[in-house]
Amino acid sequence: MNVNFLAAIMILALTGAFLPVINRLFRISGIMGALISSVGYVISAFLVLISDSGRSLLNSFFTTDDVTRLIGFLILVASWMTMLVVYWVTQRDKFVNELIGSLMIATAGALLLISAENFVSLVIAMELMTMPTYLMVLFAFDERSFEAGVKYFFNGALAVGTMLFGISLLYGMTGEFSFAALVQNLFKDPLVALAGVFILAGFGFKLTAFPFHFWGPDVYDGTCPGVAALLTGISKSAAFIALMRVVYEALPVISGKFAFIFALIAAVTMTVGNLLALAQKRVSRILAYSSVAHAGYTLIAFAALSVPVSITGILYHSAAYVFMKTAAFLSFAVFLYVWGARTMDDYKGLGKREPLLGALFLIFLFSLAGVPPMAGFISKVFVFTAAVDAGMTWLALLGLLNSAFSVAYYIWIAKQMYLEEPVIESPINNPFDKKFIVIPLAVMAVFLVVLGIWLGPVVDASTVYASKVGL
Amino acid sequence: MLSAILLLPLLGALLIAVCRSEERARLIALLTTGATLVISLLVALKFQTGKTGFQFIDYGDWLPSLSIRYHVGVDGLSLIMLIMTTLLTFIAVASAWNYIEERRKLFYALLLLLETAMVGVFISLDMLLFYIFWEAMLIPMALIIGIWGGERRIYSALKFFIYTFAGSIFLLIGMIVLVVIYGNLTGDYTFDITKLSQLKLPLDLQKWLFWAFFIAFAVKVPVFPFHTWLPDAHVEAPTPGSVILAGVLLKMGTYGFLRFSLPLFPDAYKAYAPVIFALGVVAIIYTALIALVQEDVKKIVAYSSVSHMGFVMIGLFSLNPQGIEGAIFQMLNHGLVSAALFFIVGAIYERIHTRQVSKMGGLAELAPKLATLAMVFTMASVGLPGTSSFVGEFLTILGGFKASGVTGTLMALGVIFGAAYMLYMYRNVFFLNPKVFSFKDADTRELLSLGLLAVLVVWWGFNPEFVMKYLHSYVGEILKVAGV
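Residue numbers (my numbering), protein chains in the order written: chain A, 1 to 471; chain B, 1 to 484.
Worth flagging that the hints you see were computed from the coordinates, not collected in a lab.
Misleading hints may appear alongside valid ones.
[What the hints assert, rightly or not] Covered stretches of chain B (chain A as the covering partner; in silico rule of three or more C-beta atoms under 8 Å from a C-beta of chain A): (1) 158-166; (2) 177-186; (3) 190-200; (4) 295-307.
[Unchecked claim] With a Cα cut of at most 20 Å, we get these calculated SDA-like pairs of lysine to any residue: (5) B:159 <-> A:394; (6) A:352 <-> B:139; (7) B:105 <-> A:359; (8) B:159 <-> A:279; (9) B:200 <-> B:186; (10) A:434 <-> A:92; (11) A:352 <-> B:195; (12) A:352 <-> B:101; (13) B:207 <-> A:393; (14) A:352 <-> B:17; (15) B:159 <-> A:435; (16) B:105 <-> A:434; (17) B:207 <-> A:391; (18) B:105 <-> A:397; (19) A:352 <-> B:21; (20) A:352 <-> B:103; (21) B:207 <-> A:356; (22) A:468 <-> B:200; (23) A:352 <-> B:34; (24) A:352 <-> B:105; (25) A:435 <-> B:282; (26) A:352 <-> B:102; (27) B:51 <-> B:468; (28) B:159 <-> A:260; (29) B:159 <-> A:353; (30) A:352 <-> B:200; (31) B:105 <-> A:353; (32) B:159 <-> A:405; (33) B:105 <-> A:254; (34) B:195 <-> B:60; (35) B:105 <-> B:200; (36) A:352 <-> B:151; (37) A:281 <-> A:346; (38) B:359 <-> B:433; (39) B:159 <-> A:278; (40) A:435 <-> B:17.
The beta-carbon is built from N, C-alpha and C at its ideal position, and this holds for glycine as well.
Starting from the given sequences, assemble the full structure and let the hints guide the process.
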């Protein structure tokens, strides 16, 4: 692991850890907290950018390659914007500094997770990313968030337990934790397949892949939407990258046999996600089920793991997804805070009341639907290209049909916002700095459009990675 | 130069976005579309008609490692479509001048974005670029219908969006399959149309891909039975929206058949020609009969569009020079005529706020100028010799006859129905007993824009070679590619 990248993680985590302490000691105001953590974000983003030079250490546990740098930078930006919006919608709460601190530690965990190259460090990083979110889910302190918190905790514990069991099986047979050592083992033991199943199931929980998706919508809906943005966007994208490393670097031999299972899970996940999203009335649940569906799209690329373009698909979808899903939930958070809008009916005419925010939300929704020129479109092109290239045209076709399906509910939100007359008369909160909150969302929209047009960075990173894993 | 045409409306839209006055928006839009039209005419002037292949090529690397490139250029077909697009957008701004009263800034910005997307569709030589423009066009169009449309605007906008989006999905999968096959054969994963069309596919695969592309294009054209979105969208759209829809959007489908289906899947194209003939004939006659019983003037014009696009489809699949040249000419000519008819319907609606035939009558006495212009376009729609429609219809029917006698006969029969509903409509609106007693005649803006279209329609009716000369080398080339 590059020393600069490690420093980036440390600075982020320490800023997050000390923010509540500073608050206790000096009673800083909310805006000070946001400023301090912004400084932390800027420094660590800078360190991530220069992490291609400098010494490296802990090499058997972590790696810093193009994928880490690229996705790490994108995750940092998305997390920074999330922090700003979360701060803004919860600024009156006395625990806002604790919330932001946890957010930063979880982001540090995500950065660690995308560089893990060893099952031990993978589990540690995943726990570092998950532990703060157990607290964050409870943040609203109402009955729904308690229910969500308990559900999330038990499912998370189950996921890690399952994964650890799989890992210990692997260790029992090979005596190795590191990916580089594991890949050289020519697995003959049928138990390895079982270990693979357990590890995959552990990831399945994290990614809300069918049949482990039940907790997702309940938790995303029950907690406050800023936290849901972190859970669906950032932590899921990081988990995709971790799964990618496991599949391509550690266990290519058995994952090759799993291709069809991946395809099956992908097919069911996206179909279930989209169908259930269609049936929802609450906007947060629609976004939650669409996040399940998007896990399915990414798994299509995993199913096509025999061709190099599948890596482009995974990377592009993770890169686009971290922005579009996070930003969609954040827009929802802002609408909820200002207008108290939860259901589809509440969204009527909101586009007229908030032209700028509405337009941004529209960009995120269209990106999720896969409408060009946003990044969501290009990522789908790569994912489906991978499927066709791997000879799974049926899966690509199913994925495309699903995208067509999903347009129905995205455009339904757009219709409610723009084509209906407003029903909510007056905002429930009308803070003076409302114009300010457009900036973080606009930054994410710009990232989405730029990623949708400037294909170079992600594709180059994936080409390098593909040659590294020998595809 | 082509990139300038592509970028100019985009810049105009940005300018409108930063401009503060709602009034100035329409001026900016007029100037931008006017400038775009002038540049596209310059392209036409410099275009070398004798040459085959693409001219005015602009390209830049977009993603070198996968050979996805920004690549635009025009041949005869693209050029005609390009000029039609820039001309009709200009006319659409004129038709919107007083019609759009609310949220003008947003409207003109969307219209200019739409122009960029439409121009992009017709000049892209990279399939991914083409698809991006093809899809990007949906959002502004759906918003134009949904915000400024009539009573059932929301339903129509959603139907339009979902219908076309679902259709395009099949285009995307077909495209991906094509690129992957080409890439596996040559090792070059390219989206370049000129390279992809050199691919010789086995017939089985051609058939599958043909249908994947067919669904996307057929929804846009629309080919019977995919036409049900069209009457809704056309009727509910505001006048400038209808002008663009009928004038330009429908041609994207037929353009797609010529640009992709024919060169990429020539064998499947030939094999399925009889199916298209049948669908085309049904469209011509069935929708003409529907148009005959409509009460709403806009619906009559909308159904006439489906009917006329039937001629174009049969012409395209007749696979002889007359049929294809006639079809392209008819595409252009239908663009002008239907845009003008929608313009007139919109002008009437602005004045008396109804589109019901039964509530009009006798307008010829009150508005002689409008009635005269309307007469020109009605006759053009019917296919009177001396108007450009006659040339287009005649050539497509000729092409149809050469390909299959029955088809040609039925097409000719369709012309009679066409004459029937258009003339009924003209009589009921402009003659008979007056039911409307105060009606302002066309003003200068309307006279100029309709007059311009009328001059073109008559001029090209007498001198079709002026347009056709751009097409000869293109059609010769495409028929060679198809192996006829």
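Status of the hints after comparison with the structure:
1. 158-166: With 5 residues close enough to chain A, the hint holds.
2. 177-186: Coverage by chain A holds here, the residue count being 5 at a Cβ distance below 8 Å.
3. 190-200: violated (count 0)
4. 295-307: It is violated: at least three residues are needed, and the region 295-307 of chain B offers just 0 whose Cβ sits closer than 8 Å to chain A.
5. B:159 <-> A:394: Violated - the C-alpha atoms of residue 394 of chain A and residue 159 of chain B are around 27 Å apart, more than 20 Å.
6. A:352 <-> B:139: Holds, at roughly 17 Å.
7. B:105 <-> A:359: holds (15 Å)
8. B:159 <-> A:279: Judged against 20 Å, a Cα distance of about 19 Å means the pair holds.
9. B:200 <-> B:186: holds (12 Å)
10. A:434 <-> A:92: Given pair residue 434 of chain A, residue 92 of chain A holds - Cα atoms ~15 Å apart, limit 20 Å.
11. A:352 <-> B:195: Not satisfied, since the Cα-Cα distance of roughly 47 Å exceeds 20 Å.
12. A:352 <-> B:101: Within the cut-off at roughly 16 Å; holds.
13. B:207 <-> A:393: Cα-Cα ~15 Å, so holds.
14. A:352 <-> B:17: Since the Cα atoms of residue 352 of chain A and residue 17 of chain B sit roughly 16 Å apart, the hinted pair holds (cutoff 20 Å).
15. B:159 <-> A:435: violated (35 Å)
16. B:105 <-> A:434: violated (23 Å)
17. B:207 <-> A:391: Judged against 20 Å, a Cα distance of about 18 Å means the pair holds.
18. B:105 <-> A:397: The hint is violated at about 40 Å.
19. A:352 <-> B:21: Holds, at roughly 18 Å.
20. A:352 <-> B:103: Since the Cα atoms of residue 352 of chain A and residue 103 of chain B sit roughly 11 Å apart, the hinted pair holds (cutoff 20 Å).
21. B:207 <-> A:356: This hinted pair is violated, its Cα atoms lying about 46 Å apart.
22. A:468 <-> B:200: Status violated; Cα separation ~35 Å.
23. A:352 <-> B:34: violated (31 Å)
24. A:352 <-> B:105: holds (14 Å)
25. A:435 <-> B:282: violated (56 Å)
26. A:352 <-> B:102: holds (13 Å)
27. B:51 <-> B:468: holds (14 Å)
28. B:159 <-> A:260: Roughly 36 Å separates the two Cα atoms, so the pair is violated.
29. B:159 <-> A:353: Distance ~25 Å between residue 159 of chain B and residue 353 of chain A Cα, so the pair is violated.
30. A:352 <-> B:200: This hinted pair is violated, its Cα atoms lying about 52 Å apart.
31. B:105 <-> A:353: Given that 20 Å is the threshold and the Cα spacing comes to 17 Å, the pair holds.
32. B:159 <-> A:405: OK: residue 159 of chain B and residue 405 of chain A at ~13 Å, within 20 Å.
33. B:105 <-> A:254: Measuring from Cα to Cα gives roughly 58 Å; hence the hint is violated.
34. B:195 <-> B:60: Holds: residue 195 of chain B and residue 60 of chain B sit about 16 Å apart, inside 20 Å.
35. B:105 <-> B:200: violated (49 Å)
36. A:352 <-> B:151: Distance of about 19 Å is within 20 Å: holds.
37. A:281 <-> A:346: holds (10 Å)
38. B:359 <-> B:433: holds (11 Å)
39. B:159 <-> A:278: Since the Cα atoms of residue 159 of chain B and residue 278 of chain A sit roughly 16 Å apart, the hinted pair holds (cutoff 20 Å).
40. A:435 <-> B:17: holds (17 Å)
Of the numbered hints given earlier, the model fails hints 3, 4, 5, 11, 15, 16, 18, 21, 22, 23, 25, 28, 29, 30, 33, 35; all others are met.
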